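Spelled out from the first residue to the last, the chains are:
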Amino acid sequence: MSSGLALLLALIAVGGLYSATAPESTAQDSGLSVEAMAGQEIYENGCITCHGRNLQGVEDQGPSLIGVGEAAVYFQVGTGRMPLAQNEAQAQRKTPAYDDAEVNQLMAYIQANGGGPTLPDEGDLREGELAEGGELFRLNCASCHNFAGRGGALSGGKNAPALTESTDLDIYTAMLSGPQNMPVFGDNQLTPEQKRSIINYVQTLKETADPGGAGIGRAGPVPEGLVIWVVGITVCLVVCVWVGSRA
Amino acid sequence: MSTPASEEFPAGDARSGAHPGEAQPGGAQPMAGSPPVAGPGPSHAELAAMSREELVTLGGEMDGVRVVYAEPPVPPGSRLEKRAVRQVAASFLGVTLSVVAFVVLFVAWPWQLDYSGQGEGFDYAALYTPLLGLTLGSALTFLGVGVVLWAKKLMTYEVVVQDRHEGASPQIERQTTAATMLSGLNDTGIGRHTLVRRTLLLASAALGLLAVVPLVGGLIKKPGDQLFRTPWEPGMRLLGLDGVPVRPLDMRPGSLQTVFPPVEAGNRSADAVTMLIRLLPDQAQRYRPREGQEGYRWNDFVAFSKICTHAGCPVSLYEQETGLILCPCHQSQFDVTDGAKSIFGPATRSLPQLPLDVDNDGYFVATSDFTEPIGPAFWERSS
Chain A
1 MSSGLALLLA
11 LIAVGGLYSA
21 TAPESTAQDS
31 GLSVEAMAGQ
41 EIYENGCITC
51 HGRNLQGVED
61 QGPSLIGVGE
71 AAVYFQVGTG
81 RMPLAQNEAQ
91 AQRKTPAYDD
101 AEVNQLMAYI
111 QANGGGPTLP
121 DEGDLREGEL
131 AEGGELFRLN
141 CASCHNFAGR
151 GGALSGGKNA
161 PALTESTDLD
171 IYTAMLSGPQ
181 NMPVFGDNQL
191 TPEQKRSIIN
201 YVQTLKETAD
211 PGGAGIGRAG
221 PVPEGLVIWV
231 VGITVCLVVC
241 VWVGSRA
Chain B
248 MSTPASEEFP
258 AGDARSGAHP
268 GEAQPGGAQP
278 MAGSPPVAGP
288 GPSHAELAAM
298 SREELVTLGG
308 EMDGVRVVYA
318 EPPVPPGSRL
328 EKRAVRQVAA
338 SFLGVTLSVV
348 AFVVLFVAWP
358 WQLDYSGQGE
368 GFDYAALYTP
378 LLGLTLGSAL
388 TFLGVGVVLW
398 AKKLMTYEVV
408 VQDRHEGASP
418 QIERQTTAAT
428 MLSGLNDTGI
438 GRHTLVRRTL
448 LLASAALGLL
458 AVVPLVGGLI
468 KKPGDQLFRT
478 PWEPGMRLLG
488 LDGVPVRPLD
498 MRPGSLQTVF
508 PPVEAGNRSA
518 DAVTMLIRLL
528 PDQAQRYRPR
538 EGQEGYRWND
548 FVAFSKICTH
558 AGCPVSLYEQ
568 ETGLILCPCH
578 QSQFDVTDGA
588 KSIFGPATRS
598 LPQLPLDVDN
608 DGYFVATSDF
618 TEPIGPAFWE
628 RSS
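Chains A and B, in that order, are what the protein sequence lines are. Final position of the first sequence in the numbering used here is 247; the numbers increase by one with none missing. Final position of the second sequence in the numbering used here is 630; the numbers increase by one with none missing.
With the rest of the complex left out, here is chain A (with noise of 0.2 Å):
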């Protein structure tokens, strides 16, 4: 009976030992680097109500983060796109939330926990082939993103973002990383070579001048379609009363 007693004893005090030093001792133990940890104050402050205390995820409010790599970080808090302003069909594009020193630090703080895809090592992002990419552009990417980057309507109100204002890095980690509903396009599927190649291919676009007259926002043969059909034949009906009529 007094055995028993003591054990009981024993146990309580054992239990309300680890209570007192378990916060304590997690904060210790977490071997994150100095950037990391300032990456880790941020995110506690921006990106825990949704993403979850342990980087875990919360449900219906945010994906785990956990092995996504700096380079999703990179393309989400980079491009504005996180934090969210609010919940919609998908994040927009948007002036960033945090600088390029911050960014790194969330960066380094998700990077250290799971691992993932990094961003690419130096060098010119644009050094591919032009017409190798352009075949990889429209196998891969032209189906939603449009033939000329213009971007495209998917289902339930989310779209393709249109590459206009794409950086190379920015296209870089989000074959990378495939953000929300773009497919993951990792180094074994695209060759960096073959990376670079597409993104060579998108921004030469981009830059090229339309050498046929106005583009019409290169969306192709409605718009095109459109014009022709208002403009063109008001052009004409105009042309044939003034024929027509007496002077």
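Simulated from the structure, these hints should not be mistaken for lab results. Keep in mind that this is a model prediction, so the values were computed, not measured. Glycine included, every Cβ here is placed at the ideal spot set by N, Cα and C. Careful, some of the hints might be misleading.
[To be verified] Footprint (simulated), chain B over chain A, 3 or more residues, beta carbon under 8 Å:
1) 137 to 149
2) 153 to 159
3) 186 to 196
4) 203 to 210
Could you slot chain B onto chain A? The hints should help.
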């Protein structure tokens, strides 16, 4: 016209003498509405003495033509006329200037576009084609405007009436015309030369057959099984666009790769094009294969035909989070986690699934062709 002329025929003329009884009443009728030109008309001396206007009037009268109204749109010699002349001349001058500008631009304007992406400032070469079009177009427009202005402002405006008989043509004209045409046919000798006529008929029939052959030809012989099968065969590896076989570790969760069979011009064989998809872990968990197709997936990987079952467009708008495949043509949607079942839009059939496996070297292979015809409906298709 014909009646006065026929009166000049000699009495023994075959045509006027053939049916004298009918020619008389028929010939009298057109006289009622005909111009009052009687007799043999003016003599040579009289014709020589006539002015151009008189000749025109005479010619009109002979055809029953009367000028009701004729007036220049602007008074001759007036300031209005001079202004119109200047407008027309300016338009024609515009043609010349536009053509000169076209030639100068064609020769001198920079035309080589800068594709390097390093150029600074505006690329004037981008205006080369538009400027050529503009100058050429304005030359033609100036020509058209000049001609229309000319006609509207300088040419005489006139209303002219020509008398026409009422109802059918007189009997005599109808019969003589028919006789003339039959005589022409008779002169070809087609009635007499039976061989020519028959071979011509035969040739016509052959030419007609030529038009029918491609239409009917397709119905004679069955097209075989080309609509029912694709180049995929058991054990064939799945190749990327660059011809490299795909391994499971090549693709991360939530990725899609378009794959082709290892046949000649495989990435150009339109009916074999296949989407290899690696599902996200939770999608793989709730994945529901179609009945009888339970073994078609390989772990998290599934492969579906890229050809829409509605109208054959390439469906590759893949939403990795929702697992939906969208067709850009008519907005059909297929749920990958439900065996690519059609859930929205005009497509009614699921995308056909390619049964997957991994060979001993670790590369993806198809264990068979698609087990149903890919793409849209056709006549002999059973499902």
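Hints, verified against the model:
1. 137 to 149: holds (count 4)
2. 153 to 159: Since three or more residues must qualify, the claim that chain B covers the segment 153 to 159 of chain A holds, with 4 doing so at under 8 Å.
3. 186 to 196: holds (count 3)
4. 203 to 210: holds (count 6)
Violated hints are absent here; each numbered hint is respected by the structure.
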